[in-house]
Amino acid sequence: MRFEIMRLDETDGTAVDSTVVDAASVNGIVQQAAAIGQRLWIRPAETPVS
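Using our numbering, the first residue of the sequence shown is number 384, and each one after it goes up by one.
Everything labelled a hint here was simulated from the structure, so no lab data went into it.
Keep in mind it's a predicted model, so treat the numbers as computed, not measured.
Don't be surprised by glycine CBs; every beta carbon is placed ideally from N, CA and C.
Any given hint could be a false lead.
[As the list claims (entries may be wrong)] Okay, the calculated beta carbon distance ranges per label pair:
1. 399 with 429: 14 to 22 Å
2. 430 with 394: 26 to 34 Å
3. 420 with 387: 17 to 25 Å
4. 393 with 430: 26 to 34 Å
5. 400 with 427: 14 to 22 Å
Can you build the whole structure from these sequences, using the hints too?
The following block contains the structure:
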């Protein structure tokens with residue numbers, strides 16, 4: 384499964400940038416964000432229909 388992770392602006396909470404990663408990478412990104420107090424929004428990435 385893949386997830387979209389968006390980094391949020393500290394002032395108004397709007398998405399600043401986003402990346403799509405596999406499930407194995409989510410924990411590392413969350414740990415890094417927590418260490419510096421960064422706000423994230425994580426949701427399942429939309430998968431294209433074949």
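Cross-check of the supplied hints:
| no. | hint | verdict |
| --- | --- | --- |
| 1 | 399 with 429: 14 to 22 Å | 20 Å, holds |
| 2 | 430 with 394: 26 to 34 Å | 32 Å, holds |
| 3 | 420 with 387: 17 to 25 Å | 21 Å, holds |
| 4 | 393 with 430: 26 to 34 Å | 31 Å, holds |
| 5 | 400 with 427: 14 to 22 Å | 18 Å, holds |
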